[in-house]
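Make a model of the complete structure from these sequences and hints.
Protein chains: 2
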Amino acid sequence: MTIDTSKVSIKTSLASCFGRNFQELEGANSFLEELSKHAQEIHINENCYIFKEKDPSDYIYIPISGVIMLERSTSKGSRHVFAFLFTGNLLGLSEFSFYTFSARALSNGTIVKINKQLIQSIFERYPAIAKRFHEFTNHVLNYILDQLFIMGQKSAHQRLAHFLLDMSNRIGHGTNKFYLPMSRQDIADYLGMSLETASRGFSSLKKKGMISIQNNYRITILDEAALHRFADD
Amino acid sequence: MTIDTSKVSIKTSLASCFGRNFQELEGANSFLEELSKHAQEIHINENCYIFKEKDPSDYIYIPISGVIMLERSTSKGSRHVFAFLFTGNLLGLSEFSFYTFSARALSNGTIVKINKQLIQSIFERYPAIAKRFHEFTNHVLNYILDQLFIMGQKSAHQRLAHFLLDMSNRIGHGTNKFYLPMSRQDIADYLGMSLETASRGFSSLKKKGMISIQNNYRITILDEAALHRFADD
DNA sequence: CGAGCCCTTGATGCATTTCAACGAATGTGG
DNA sequence: CCACATTCGTTGAAATGCATCAAGGGCTCG
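Here the protein sequences come in this chain order: A and B. Going by this note's numbering, the first sequence opens with residue 599, and the numbers climb by one from there. Going by this note's numbering, the second sequence opens with residue 599, and the numbers climb by one from there.
Only true hints are included.
Heads up, the list lumps identical chains together, so a pair's fine if it works in one copy or across two of them.
Here are the simulated SDA-like cross-link-like pairs (lysine to any residue), alpha carbons at most 20 Å apart as the crow flies:
| # | residue 1 | residue 2 |
| --- | --- | --- |
| 1 | K804 | D831 |
| 2 | K752 | M791 |
| 3 | K805 | T818 |
| 4 | K652 | F747 |
| 5 | K729 | Q718 |
| 6 | K609 | F684 |
| 7 | K752 | E794 |
| 8 | K714 | A726 |
| 9 | K650 | L746 |
| 10 | K729 | Q715 |
Derived from the structure by calculation, the hints contain no laboratory data.
Here it is as structure tokens:
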């Protein structure tokens, strides 16, 4: 039930949420201590929901390993994917009392589950940590603004190029070869296009020599500069 | 240079940023006092920029009257409009050191300009106010997520319907007749479509009997339920 | 009255969706 | 181990939504 905050994986995840020199913050140690007492480390299986839209939002989650997808369904059939989350992201920022989207695991993995009241009480006692948290929220906000910009201004294939560059940064940490943890349908629902258009996008970028596709999920960016130019037009 | 925090217009603007019972918060009075000493009330003219993309983000702005548009330009010609802001909104939340978009006045108006360091120091002394501020950020985040959803999932005319319902709430405060302060081009750039498509959208909604158009900027929603149904599909 | 601006409308072409068929990979049971 | 079903991705063809190009209408202001 409780977690081991001395684990490297957990420490690095927390550090990438709360910033590089997290350990030096006032209250960081008390925070870790309280986490080790009250937070839970839970394992999640592929395709299981961590929470669903309209569930009461009582917890905040920090992915330690595995990939998480945030989604919302429309009245009739279709689905929107808001984000893909990896280690170092954070989940459940909302201060509403209900989640406004669902969170589903794309792969088996581990997440740390923290009661919101615990977080709230930490924030009240250690403003430095609260500040970091809110800086994180701000980064999310800016990230979503960029996404909004891309959705409003770019063509389908350009959006796909942006997506691949983003994934290269976040999954491959800058390396050009990486494994996509999501299906074509997931990508399409994230970028607001049909599955077929997403697939054609992959083919088109491949034909242009910007990427190569080892198999459906394993991608290499061959010409990053050209991909950037194409994406930004 | 300084502002008069006893002015009703300023009080109501602050209240709608920081929440209903703002005055009862711990530190609210000190906050107001510091504002009256150090914040500035400035008048802005139609079409003037309050700040531009890449300007150092040293201030936070609270619109008292008038309408503000947030925009960003692409490398070549086109433009994205992120938001339209009214009284009770807040501008410059970013904790980056530079703005990532420009802010332009759509009409003559008044805004309160607050140094970020002042805000920061208030937050450090009065966590209750900081908390309110961050709740506000959270509302913005949720608002943008909804916008992202709409941009990704809805057709051009549906997006326009959403837009009109949103404006009805925010400008007309729920009344069905209101004055649009922005041009068709602004709307198009906000909703990610061409000026012509936006215009056709207006015509189409009018032909369907959902809205009526007194003149270019004065709109009446005739059948709100139908408009909702159409928007949400 | 005429100029200029913004909005509307029509015609055409392109981007994207939809429908449909096929191919590749994976797993299952005989 | 192979036939078969299933799932997921690709590709083609037709239909549709939207952008673009182009012309005209209405309003405001000099």
